[in-house]
Amino acid sequence: EPEVTQTPSHQVTQMGQEVILRCVPISNHLYFYWYRQILGQKVEFLVSFYNNEISEKSEIFDDQFSVERPDGSNFTLKIRSTKLEDSAMYFCASSDHSGNTIYFGEGSWLTVV
Amino acid sequence: EDQVTQSPEALRLQEGESSSLNCSYTVSGLRGLFWYRQDPGKGPEFLFTLYSAGEEKEKERLKATLTKKESFLHITAPKPEDSATYLCAVGGSSNTGKLIFGQGTTLQVKP
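In order, the protein sequence lines correspond to chains H and F. FYI, in the working numbering the residues of the first sequence are 47 to 159. FYI, in the working numbering the residues of the second sequence are 1152 to 1262.
Treat the hints as calculated values from the structure; they're not laboratory data. Possibly wrong hints are sitting among the right ones.
Sample of chain H residues at the chain F side, in silico, Cβ under 10 Å [to be verified]:
id : residue
1  : 81
2  : 110
3  : 111
Under 8 Å between C-beta atoms, here's a sample of chain F residues computed to sit facing chain H [said to hold, decoys possible]:
id : residue
4  : 1194
5  : 1197
6  : 1223
7  : 1245
8  : 1249
9  : 1254
10 : 1259
11 : 1262
Since we're looking at a predicted model, the values are computed, not measured. Here a beta-carbon is modelled for each residue, glycine too, at the ideal position from N, C-alpha and C.
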């Protein structure tokens, strides 16, 4: 079964440092997403990306966050200057043109110290 | 504002003891109601998408149903390997694919 892959699985970073989380969506998918889950809380939407541009973003996705599809396979989330409250599990997801089935990766656990 | 509430928060069952999980939602224009399974430290694993009231879908011991205000995930004769957190999410009228998640129901099935 095709899957969304994410790297790294776990990253520890100092407050104020830049972090890039990487994702390889399912190959024929057209819609890409980032979600996050703070420990013990709900999964929260961050951003959706289609046709090389952001189609929707949440209030969480402020100027410190950016996304990019640098080539035909990777999809990245950059946090410019990390804060303690950015510590969370970050999930990448993708779906085909219908958007009817959204598949998630295993997540990247970010710890900001 | 789109909202999803799941109940109960936690459920303990004996192996073979059937039960149901509830997902109540309010959304302006339902594009789809999604069920996921999440194991500790893992990403949500897709189970079902339901689109309209009256629709039902089944997978092994799981059956999902949908009304205009709620969805139920029925678990028939559960086994210990069904232990996980079950997440409900709604896609609203925007065509961006954004999902709004509930807080989940953590199911523990004891042998």
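For each hint, the structure was consulted:
1. 81: holds, 8 Å
2. 110: violated, 20 Å
3. 111: violated, 15 Å
4. 1194: holds, 4 Å
5. 1197: holds, 6 Å
6. 1223: violated, 20 Å
7. 1245: Hint on residue 1245 (chain F): holds, closest Cβ of chain H at ~6 Å, below 8 Å.
8. 1249: holds, 5 Å
9. 1254: holds, 5 Å
10. 1259: violated, 17 Å
11. 1262: violated, 27 Å
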